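Novice: The primary structure of each chain is shown beneath.
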Amino acid sequence: MNTTADNPLREGIRLERTAGPCTVVIFGASGDLTKRKLVPALYRLVQQRLVPAEFAIIGQARTAQTNDEFRDKMKASVAQFSEEKKVDDEVWRSFAQGLYYLTSDIGNADDYRKLSELLDQIDKERGTGGNRLFYLSVAPRFYAEAVAQLGKAGLTKPKPGSWVRVIIEKPFGSDLASARQLNHDIHEWLDESQIYRIDHYLGKETVQNLLALRFANGIFEPLWSRQYIDHVQLTNAEAVGVEGRGGYYETAGVLRDMIQNHVFQVLSLVAMEPPAHLGSEAVRDEKIKVMTAARAFTPERVAAECVRGQYGPGSIAGKPVPGYRQEEGVAPDSSTETFAMLTMFFDNWRWAGVPFYLRSAKRMPKRVTEIAIQFRAAPHALFGAEAMDQVAPNQLIIRIQPDEGITLRFAVKVPGQITQLRDVNMDFRYGSSFGVQLAEAYERLLLDCILGDSTLYARKDMTERGWEIVMPILDHWAATKQGVSFPNYEAGAWGPAESHRLLESQGKRWRRP
Amino acid sequence: MWAGASGTDGDGAGTTRACTLNLIVYATPEDSRDALDELLDEVNERAPGRTLILVADRDAGDAKLDAYVSMRCRLLGDSGKQICGEQVTIAASGPAIDNVATAISPLLVPDVPVYLWWKALPHPNDQLFDRLARMADRVIIDSRSFVHPARDLILLNELIGTDAQSIHVSDVNWGRMTPWRTLLASFWDVPDYRPHLAAIDSVTIGYHPPPGALDDIATKAALMSGWLAERLGWEWSGGTLAGGGDEVRCRLQSGDRGIALTLRRDCTSGRNDGRICAVTLAAEHGAATFSCALSQDVARLTTEARIGGTRTVGRVIDYIQRGEAESFARELDFVRRDAIFEAALARATTMLG
Chain A
1 MNTTADNPLR EGIRLERTAG PCTVVIFGAS GDLTKRKLVP ALYRLVQQRL VPAEFAIIGQ
61 ARTAQTNDEF RDKMKASVAQ FSEEKKVDDE VWRSFAQGLY YLTSDIGNAD DYRKLSELLD
121 QIDKERGTGG NRLFYLSVAP RFYAEAVAQL GKAGLTKPKP GSWVRVIIEK PFGSDLASAR
181 QLNHDIHEWL DESQIYRIDH YLGKETVQNL LALRFANGIF EPLWSRQYID HVQLTNAEAV
241 GVEGRGGYYE TAGVLRDMIQ NHVFQVLSLV AMEPPAHLGS EAVRDEKIKV MTAARAFTPE
301 RVAAECVRGQ YGPGSIAGKP VPGYRQEEGV APDSSTETFA MLTMFFDNWR WAGVPFYLRS
361 AKRMPKRVTE IAIQFRAAPH ALFGAEAMDQ VAPNQLIIRI QPDEGITLRF AVKVPGQITQ
421 LRDVNMDFRY GSSFGVQLAE AYERLLLDCI LGDSTLYARK DMTERGWEIV MPILDHWAAT
481 KQGVSFPNYE AGAWGPAESH RLLESQGKRW RRP
Chain B
1 MWAGASGTDG DGAGTTRACT LNLIVYATPE DSRDALDELL DEVNERAPGR TLILVADRDA
61 GDAKLDAYVS MRCRLLGDSG KQICGEQVTI AASGPAIDNV ATAISPLLVP DVPVYLWWKA
121 LPHPNDQLFD RLARMADRVI IDSRSFVHPA RDLILLNELI GTDAQSIHVS DVNWGRMTPW
181 RTLLASFWDV PDYRPHLAAI DSVTIGYHPP PGALDDIATK AALMSGWLAE RLGWEWSGGT
241 LAGGGDEVRC RLQSGDRGIA LTLRRDCTSG RNDGRICAVT LAAEHGAATF SCALSQDVAR
301 LTTEARIGGT RTVGRVIDYI QRGEAESFAR ELDFVRRDAI FEAALARATT MLG
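Protein chains in written order, with the numbering used here: chain A, 1 to 513; chain B, 1 to 353.
If you're looking for bench data, these hints aren't it; they were derived computationally from the structure.
The structure presented is a predicted model; accordingly, all values stated were derived computationally and were not measured.
Every residue gets a Cβ at the ideal spot worked out from N, C-alpha and C, and that includes glycine.
Any given hint might turn out to be false.
[Said to hold, decoys possible] Pair ranges (Cβ atoms, derived):
1. B:Pro191 x A:Arg350: 42 to 50 Å
2. A:Lys413 x B:Asp59: 46 to 54 Å
3. A:Lys413 x B:Pro211: 41 to 49 Å
4. B:Pro191 x A:Ala282: 49 to 57 Å
5. B:Pro211 x A:Gly318: 52 to 60 Å
6. B:Gly353 x A:Phe81: 50 to 58 Å
7. B:Pro191 x A:Ala304: 58 to 66 Å
8. A:Thr292 x B:Ala287: 52 to 60 Å
9. B:Thr268 x A:Asp72: 50 to 58 Å
10. A:Phe142 x B:Pro191: 27 to 35 Å
Using the sequences plus the hints, can you model the full thing?
Specialist: See below:
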C-alpha cells in the first residue's frame, strides 16, 4: 500500500487504499470467471483510480487468439457484466492498451519463457515494476503444475524491490490428502506469504462487517459466549440447482463445495476470539485457533448429529424444477448430497456446550445466507406462560446475502390493559442506511491481493483444518451410502424432515430465513 | 405520521424508519423549493434521517414562526417496503429568525450527527449561522456558489477559525476535486517517479471561469494551488492569485528551489462552471512533466508522465460527473474535521491575499 510518508499528496484523500504498479496474469482467461468477474472487477478498479496507470493484465489460455480478439471479447464482457452496462470507447482503448493475451499451454515450459519475456516487456513499456499477480482460474488439477512451471521459469521469485503473488481459486483439494499434497507442491515454489487462496464469501461486505459488529461495539462481545448464547444457526441456502455442473457436482457434493470452505470461513469469524489487531496474521491466527477447538466427528456423532439430503423434483418460485437425479450429468442412482447439516461444538472456554447448527443446500426456497445467534431465554418467567405465548428467546440475525443487514429480535408488551408480550424486530439494512452499491467481492479481494493484504484469504492451516473436520463425515457417508434413501426433500423445501426433527429433539427449531 | 405511513394496521410492517443523521437546511424564500426537494429526495436515499428545513425570510417585517412535518419515503428494492425519513419545515421571518435556533434544537434526533447545509457563504457576523453551526457536527457549504470566489475563500478561512471551538466545515466543491487529487497523487505512487516530486519547479493549472464571476478565479483552482503548496511544503514568496486576468502567477519557495505557479483561465470551451481542466507539474525545467487534462466534452480525464522527453504510460478514465445531490450526500459520510481541506484553504488564502 502506498503510504503518505512516500507520497505526501496521498494523505487525506478519501480513497485511502490505492495500489502500486503491477501486472495481473490470469490463467484460464477464456473461462467464465474471467469475463464475468475478473476483468470487469479490474476495469472498475482502474476506473475508480484504485490502481495506477502502470498496470497491465495478461490473459493466458490454450484458445488461440490475438491481443485484439481478446480485447474485443473483454470489452463486450465489461459492457455486459459491469454495473454501468456501457463502455466509453476512448476509455476502453486506454484500458485495452494494458490488456494482453498469450496463447499457451499450462504444461508447456516454453510457454512460460514466452510469458516471462512478455512480462519483462510490459515492465519496460508500462512501468509495472516487476510486480506480478498470477491468478489461477483453471481446473484444480492444474494448480500445482501451473505453480511448478512458474517456479521453473523463475517467475515465482520476486526481483529485488518487487513482489510476486498467486491467487488460487476454490476448490482447494478434494479431500484432506489432496489439499495437503497441493499445499506441499505449491510450497516448493512459493512462500505462504505469496499464496492467496481465494474464498469470495470473505469479500462480501457483511462478512467483513462481522468483525466490526463483534469488535467495534461494546455491547455484543460480553454476551458472545456460552453464558448468554443458547445456540447458533448458520444457513447457507441456494435456490438454484447444479446449473449444468452435474458432472462436477457428482464428485463434490455440498459438504465439499460449500461447507468446508465458505461456511467454515464465516463460522470462524463468528466464533473466534478477538484478534490483537487487524493484521492478516493476527486475524487468521484466531480463526484457526477456534477451528482447532472444533470437536472431532466420530461415526457415532455423524450418525446422530449430521444430516445429509438430496432434492427430488419440486418447485421453486412457483415453477416446477427437476430433482437432482434428473439433472444433466448426474447418475440416476446418485448418492451425492445436495443438503448437509452439521452440529458443531467448540471445546473451549467460550463455547463449551453451545451447539452450532450449520446447513447448506441447493434448491431451497430462496437464496439466503444468514447467521442467527439465539440467546438463552430469560432466567425467570416473570410474565407467566400465557403472556409469553408469542415470545421466543432473543435472536441476533446477521444476514450476509441478499438484503445484507442485522436484525435484533426482542419482546415488548402489546399495548392494552392485559399484559401480553410479543416479539418485534429491530432492523438494520445496508440498503436503507447507506444508499450505496456494495462493492463486488472480487473487486475487494483483487485489490487486497495487489495491496498484499491476505486477511480475507484462507491460510494453509485453515484449508487443511476445514478438510480435517469434514473428512470423518465424508468417510462415514461414503461407507453408508447404500443405506441412504434419496431423494429425501422436495426442491423448494427447507431440507429433509430429519434435519428439523434433529433440532426438535433438542428442544430447538430451525429459523425460517 | 408513522402509523399512517404503515397502513391501516399501524404496526410498521410496510415501512422502515431509518435515521442516520440530522440535516438542517438553511434556505431563503428565493430558493427553489422544487430543486431543493429533488435534491433532498436523493440525499435521503443515501443517508436517511431527519431533515429540518429552515426557510428564513430576513426581509419580512413581521415576526412569524410556522412549522409542519412531512415524510420522505422511497421503495426498498422490490420488497414492497418503504424507507422513510421525517422532514420538518420551519418558516421564520423577521425578528423570529433570531430565536429560531432554539426551536430547532429540541427537534434534533438524539445522538446521531447533525449537519448544517448552508450553501452560500454566511456573513461573518450572522448570529443565526453561528448558533446553528455550534449545534452541528459539520457545516456543509459549496464554494462553487461563491459570488466573489477570491474574497469569499478568505472569508471562509476566517470563519473556520483556528481555535478549539472552531466549526468543522465541508466544502462540496472540495469533494468534487477528489478525482483530480487522486490522479495527481497516483503519479508518485510509482517509486520511479518519486525523486521528481522533490524537484518540481513549475505548476500550471487551467480552469474554466466560475459561474457568475467570470473575471474572478475559480475556487477549485485556488484550492488546488493551496493543496499542492501545503502538502509539498512550498511557501509563498511573491505574486498573487487574485486580481483577475486570463493568467495569474505566484512564486513559491521550497528551500533553495523556486516554484512558479500559474493559473490560466481557459475560455475556449465556452463553459463557465469553474472546473479545473488541466494540471501540469514540471520538474527540473521540464525534464519531467506530469499532467492531467479534462477532455473538451468533460467526459474523460487523461493522465500522462514524460520523463526526459519520453512519454511513459498514461491513461484515460471516465470523468464521472456526480449530480448535485450525490456530491452533497458524499459529504454526509464524514463527521470528523477535514484537516487537509482546512490546510489547503489556509494556504490558498495566503496566495490570494
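Novice: Give a verdict on every hint.
Specialist: For each hint, the structure was consulted:
1. The given range of 42 to 50 Å is respected by B:Pro191 and A:Arg350, whose C-beta atoms sit roughly 45 Å from each other.
2. Checked against the given bound of 46 to 54 Å, the beta carbons of A:Lys413 and B:Asp59, roughly 52 Å apart, stay inside it.
3. Distance hint check for A:Lys413 and B:Pro211: the Cβ-Cβ separation is about 58 Å, which falls outside the suggested range of 41 to 49 Å.
4. A hinted range of 49 to 57 Å is violated for the C-beta pair B:Pro191 and A:Ala282, which are about 28 Å apart.
5. The hint said 52 to 60 Å for the Cβ distance between B:Pro211 and A:Gly318, and at roughly 55 Å that hint holds.
6. A hinted range of 50 to 58 Å for the beta carbons of B:Gly353 and A:Phe81 is consistent with their spacing of about 52 Å.
7. Evaluation of the 58 to 66 Å hint for B:Pro191 and A:Ala304 yields a pass: the beta carbon distance comes to about 60 Å.
8. Range check, A:Thr292 to B:Ala287: Cβ separation about 59 Å, and the 52 to 60 Å hint holds.
9. The beta-carbon spacing between B:Thr268 and A:Asp72, approximately 35 Å, falls outside the hinted interval of 50 to 58 Å.
10. One distance hint, 27 to 35 Å for the beta-carbon pair A:Phe142 and B:Pro191, holds here, with the actual separation near 34 Å.
Violated hints, listed in ascending order, are 3, 4 and 9; each of the other numbered hints is respected by the structure.
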